[in-house]
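Read off the chains here:
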Amino acid sequence: MLQPALPPPIRETGFAFWLKRNLFSNWWNSLISLASLVIIVYTLISLLRWMVFEAHWEIVWQNLRLFATYRYPTELLWRPMSCVALILFLFGLSAGVGKGGIGQIVFKAFYWLMGFCLAITLISLFLFPSVRWLWLIAIIAGFAGYSLAKFWPNVAMYLSILWGLSWFVCLFLMLGFSGESGPMQYVSPGMWGGIQLTFFLSVTGIALAFPLGIALALGRQSKLPAIKYFCITYIEIIRGAPLITWLFTASLLLPLFLGGIRPEALIRAQVAIILFAAAYMAENVRGGLQAIPKGQREAAHALGLTPWDSMRLIVLPQALRAVIPAIVGLFIGLFKDTSLVTIVGLHDLFAVVLGVANQPEAKQIPGGIVRELFIVMSLFYWFFCYRMSVASKQLEKELGLGTR
Amino acid sequence: MAVKPSQELVPWYRNVKTIAIVAQLVFVALIILLVTILVLNVMKGVKTLGVNTGFGFLNNRAGFPISESVIPYSEDNTYVRALIVGILNTLKVALLGIVLATLLGISVALMRLSNNWVLRQISTIYIETVRNIPLVVQIFFFATVLFIPNLPSGVAALRLGNLYLNNSSGLITPWPYFSNNFWLWLPWLAIALALAIAAHIFRNRHLKKIERPGNPLWLSLPVFLLVAVIGYLIALAGSKYPEHLTVSADVDRGRVFSFIDENANGVFDQNAEKIAAKVPVLLEFDELTLEVNPQRRTEQKANIRSAFAFPRLKKNEYGEVEHQFVNADKTSDLRLHFFEFPSYGVVYKDQNGNGRFDAGENVPEGEDGYEGKDYSLQMIVKGFKRRVVTDNYGETRSLSVETATEPKLTLLGASPMVMSYPYFPTERTQIAGGTIFTIPYLALLFALTFYTASFIAEIVRGAILSVAKGQTEAAKALGLSSGQTFNLVVFPQALRIITPPLISQYLNLTKNSSLGIFAAYQEFYAVSSIVNNQSGAAMPVFVILIGGYMVISLTFSFALNWYNAKNQLVER
Amino acid sequence: MSDAAIKNVRADAPVGGSRIIEIEELNKWYGEFHVLRNINLSVNKGEVVVVIGPSGSGKSTLIRCINRLEEHQKGKITVDNIELTDDVRNIDKIRRETGMVFQSFNLFPHLSVMENVTLAPIRVRKMKKSEAEQKAMYYLEKVKIPEQAQKYPGQLSGGQQQRVAIARALTMEPKVMLFDEPTSALDPEVVGEVLEVMVNLAKEGMTMIVVTHEMGFAREVGDRVVFMDAGQVVEVGTPEHFFVNPQEERTKSFLSKIL
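Residue numbers (the numbering used here), protein chains in the order written: chain B, 3 to 406; chain R, 122 to 693; chain G, 4 to 262.
None of these hints come from the bench; they were simulated from the model.
As the structure is a prediction and not an experimental result, all values here were calculated from the model.
Don't be surprised by glycine CBs; every beta carbon is placed ideally from N, CA and C.
Just to be clear, a hint being listed does not mean it is correct.
Stated by the list, open to error - In silico lysine-lysine, BS3-like type, Cα no more than 27 angstroms apart, as pairs:
(1) Lys129(G) to Lys330(R)
(2) Lys138(R) to Lys296(B)
(3) Lys129(G) to Lys329(R)
(4) Lys395(B) to Lys590(R)
(5) Lys77(G) to Lys590(R)
(6) Lys138(G) to Lys154(G)
(7) Lys48(G) to Lys96(G)
(8) Lys154(G) to Lys330(R)
(9) Lys206(G) to Lys687(R)
(10) Lys131(G) to Lys330(R)
(11) Lys590(R) to Lys129(G)
(12) Lys435(R) to Lys506(R)
(13) Lys22(B) to Lys79(G)
(14) Lys399(B) to Lys110(B)
(15) Lys206(G) to Lys96(G)
(16) Lys225(B) to Lys590(R)
(17) Lys131(G) to Lys329(R)
(18) Lys590(R) to Lys399(B)
(19) Lys77(G) to Lys96(G)
(20) Lys96(G) to Lys590(R)
As the list claims (entries may be wrong) - Estimated spans, in silico, between C-beta atoms of each pair:
(21) Asp190(G) to Leu401(B): 28 to 34 angstroms
(22) Gly604(R) to Pro11(B): 27 to 33 angstroms
(23) Gly166(B) to Asn682(R): 38 to 44 angstroms
(24) Ser603(R) to Ala7(B): 30 to 36 angstroms
(25) Asn682(R) to Leu401(B): 26 to 32 angstroms
(26) Val18(G) to Phe26(B): 45 to 51 angstroms
(27) Phe385(B) to Val447(R): 38 to 44 angstroms
Unchecked claim - One-sided excerpt, in silico: chain G residues whose CB lies under 10 angstroms from chain R:
(28) Leu72
(29) Ile125
(30) Lys132
(31) Met140
Go ahead and model the full structure; you've got the sequences and the hints to work with.
Now the structure itself:
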């Protein structure tokens, strides 16, 4: 009838157009593009060449067990591995029952975690006979959890209880009884280390900081001045100084406050991490509480709910839902910060890496193996933090907070 | 008829107000109980563990060295001074880190917003990598992975003009020092400042009068600089040294220093006379004979493994130089190749006989049956002269020439400021002169800068994106140029969004500088930790440490609150 | 009408007036999507042209092309004898001569009303501040909100904000005013105050191109009404012709939906 739609005179699609628009839109851009491409290609080639021909990966492989569990007795490795299996199983369950957008995010996290574990399994199949079957079992446990959830979706109701219980089970498994020998002999926290410790410290830290943080946040919002100002003082003092000073403090002063009893270094560091994280958690939760419209609380009061019930049933659930991304962010920070515990003599991944770099075998290689160690350690941290930050961004979008 | 509230009839445990009071009382009681238990425990602990609780120890002798310090510090100083050195070191790394992180962060944000795909990808990868790796690991990267193994050591330092970089010292740059004539310039600086302020006010008024927008800094800044420069020249003309100022060389201790020769006997009387401020001196030797042992570079690149480095001389510092092997008969087939004549090169054996050095022909010390001493070279420098700045106190060594002959010293002209340039004292591996940014400092600074910049970049990018597109369109539709649109519309709005999180990033950077201990940089935390170890005064050190960081945090919070109060957008 | 015969509806201004805007064979694509198809439109000085049509028909894109907020790929746009090319100087000149009012006001929230209105005169026209403020007050009085001059946009209602936006555009004393759905984002009760300002402006002889859904305004003050659909001009005519006796099927169906 009238004018029909015509194709554009200059094609604004296709590879050539993309190149022009993104790389060579003018001489200045072209120069930058070419120069940086040359530098990138050169760097990548020299890095690859180094990684393939020059790097001494064998020392990294040889010490992989140290990185993972430090000095945990080899014959008892099935115990931390059972924890891994248990966690993968629960993660599988959670991924299996998850619905909607959040379910998808959980599934993705599960998917990546399984991918990571699968890679470790493949490595251990060839290199670590002591744990090769254990890793396979852990992977199977993950799949089993996922399948079980598909058959029995009602498990969703028990998930939070199961997760809560799993912490105690893991602690029990890793610590054992007080016996001197036997399969469940006591393994002192001094022997824990590596990635195992990194995970333990950060997960326990965030888990125990959570209730404490909520209490502090509610306290800060309280109308009772004594409680309010106590909470404010606590939060501000803790946030005012860096974590390293609190680790230092816990390690020096905790024995003093306990009248001369010296708890394990692990416990001292863990207490510092929990108390530290709680202050930040409180601020996150407070942000969530403030984001809940006043009308919600008023509606709850109008329905005749007591202040306690309206907080517990109406306000807090909404607020906590809103701060999930922030909590994931806090966890990422904690996960990175556990690398500081080497200052109080614990052997987390970073400390173990430092130790390996100073081994005589490593020192014999000209220039040492710091580069290899650095790459492996960074990749580990990066993988977990990056996946979590992606998940956090997706959660933010899913919960409709991205546009705030 | 009004109903009287029947307050008295409500039992106290159901009255909202009494509940509140009782709850608080119970809470306070619990806190007091807890504190009492802790205090009792501490008192018990003090006895059993024998810890120190008073602050009196602070005036005791510290007894430990601090590797770098902004103010003079030695082991004989007190704990207080050591802690002050620590705080100053924290500020030294934090302030520069804040500036650099801001610049890098803004650049990366702009790169991420640019229309160049490569730049966008680079900046995205940078951000996603750096913020997902612990800062400690990055400090480890800069210190242990990047700097120490890859930089040359000692005198083989990389050089760019008057800048040197090596892994034993760090970055060495020229540095200006005050001299005793500085007070001649000081009034001029004050005048310059006053005139600049006057110009600023005048320009502001003028702009208001002609009713044009503009920045008065374009007038006041040049005024300040011009007056300051003229003032400097005048002060320079009037500069003179105090009577009897004498320069002297203490060859044994490797020092060139100046003193006021009060009894005019020409020599420094340690008990009666004082070492004077830094002055520039020309150091001259007619002929200098040095014996040099080539150093191995720690670097792994095979072609320079047997590199040697003499005291590095600049072109204008010598007339002629001769090199010869000390053990000439044993080393007749060894040759020298210079990367930088006359002082930096490699010992090699001309295996293919082409008369020049090829990669792989070097003969590292201890290989091919040659021993270290076979390498020893004699270096005869004729007409050696060098401008040095005399020492303020015994730490730096400006001379370091172990030779029998006394150098000729000429006092150079007086000036308000003395520029000290880095140079290699002969026969020493440490660089002297200028100032040093040590490797620990650089490693911490780089890690803090790169880490914080990745967060700043995201803040800046988010803020710029959050200024609605309609704002730019409206500005363009009014005929504002792109520059004006950015300066007057986008940037002021973005800045309001950027500033609060930016300040909290600055605070994070400052707090994160406490990780300097992982690069062996001795800032506040590291020094406090040593003070605790030395004195055993855990409680007081704890109070000082936390108190110190609280002061820093509160300063940033006040800045933030002040900004928020001043710049809140007015809304309905 | 046969499908083969492509009819180019020309929306030419009446002969005799002096042309201020001339658009010839204007074509624009968003990627592969043909948004504006062969538009021919001219406007005389003092004319009020109202552009109507369903959403997504390219009305806004058309007027945003006139001051180069959108770039066209084919065709020619001339404003006040200046051709809109890639030359920055021409773009700047044209933007100075055309004022634009947006659907979402786009006032600068960090500047007071007075600063909003005087920003461009001072920075672009290099006016003195007092002069600009005097002019600003004149136009603020014209849009009937002189008392709000020292407030910030956030403190004003939608209708007040849009009137400030009109004053902001007028203070540049443009030769043409472009209105991009100026009342669509407003609460119904304040639409009237904005329309009143626009009607007065039209009566004073301002050249205006107005994209709107306000048929009452089109009927009352429009000299010509242009109906657009699917990126093309479907029908042009006087308001009487248009609302009383539309010719095209698409026009009829559109009008039946909204009237």
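Verification of the hints:
| no. | hint | in the structure |
| --- | --- | --- |
| 1 | Lys129(G) to Lys330(R) | 14 angstroms, holds |
| 2 | Lys138(R) to Lys296(B) | 22 angstroms, holds |
| 3 | Lys129(G) to Lys329(R) | 14 angstroms, holds |
| 4 | Lys395(B) to Lys590(R) | 23 angstroms, holds |
| 5 | Lys77(G) to Lys590(R) | 25 angstroms, holds |
| 6 | Lys138(G) to Lys154(G) | 18 angstroms, holds |
| 7 | Lys48(G) to Lys96(G) | 18 angstroms, holds |
| 8 | Lys154(G) to Lys330(R) | 24 angstroms, holds |
| 9 | Lys206(G) to Lys687(R) | 44 angstroms, violated |
| 10 | Lys131(G) to Lys330(R) | 9 angstroms, holds |
| 11 | Lys590(R) to Lys129(G) | 26 angstroms, holds |
| 12 | Lys435(R) to Lys506(R) | 10 angstroms, holds |
| 13 | Lys22(B) to Lys79(G) | 25 angstroms, holds |
| 14 | Lys399(B) to Lys110(B) | 15 angstroms, holds |
| 15 | Lys206(G) to Lys96(G) | 26 angstroms, holds |
| 16 | Lys225(B) to Lys590(R) | 43 angstroms, violated |
| 17 | Lys131(G) to Lys329(R) | 9 angstroms, holds |
| 18 | Lys590(R) to Lys399(B) | 21 angstroms, holds |
| 19 | Lys77(G) to Lys96(G) | 21 angstroms, holds |
| 20 | Lys96(G) to Lys590(R) | 22 angstroms, holds |
| 21 | Asp190(G) to Leu401(B): 28 to 34 angstroms | 30 angstroms, holds |
| 22 | Gly604(R) to Pro11(B): 27 to 33 angstroms | 32 angstroms, holds |
| 23 | Gly166(B) to Asn682(R): 38 to 44 angstroms | 40 angstroms, holds |
| 24 | Ser603(R) to Ala7(B): 30 to 36 angstroms | 33 angstroms, holds |
| 25 | Asn682(R) to Leu401(B): 26 to 32 angstroms | 29 angstroms, holds |
| 26 | Val18(G) to Phe26(B): 45 to 51 angstroms | 48 angstroms, holds |
| 27 | Phe385(B) to Val447(R): 38 to 44 angstroms | 57 angstroms, violated |
| 28 | Leu72 | 5 angstroms, holds |
| 29 | Ile125 | 6 angstroms, holds |
| 30 | Lys132 | 4 angstroms, holds |
| 31 | Met140 | 15 angstroms, violated |
The structure does not agree with the numbered hints 9, 16, 27, 31 stated previously, though it agrees with the rest.
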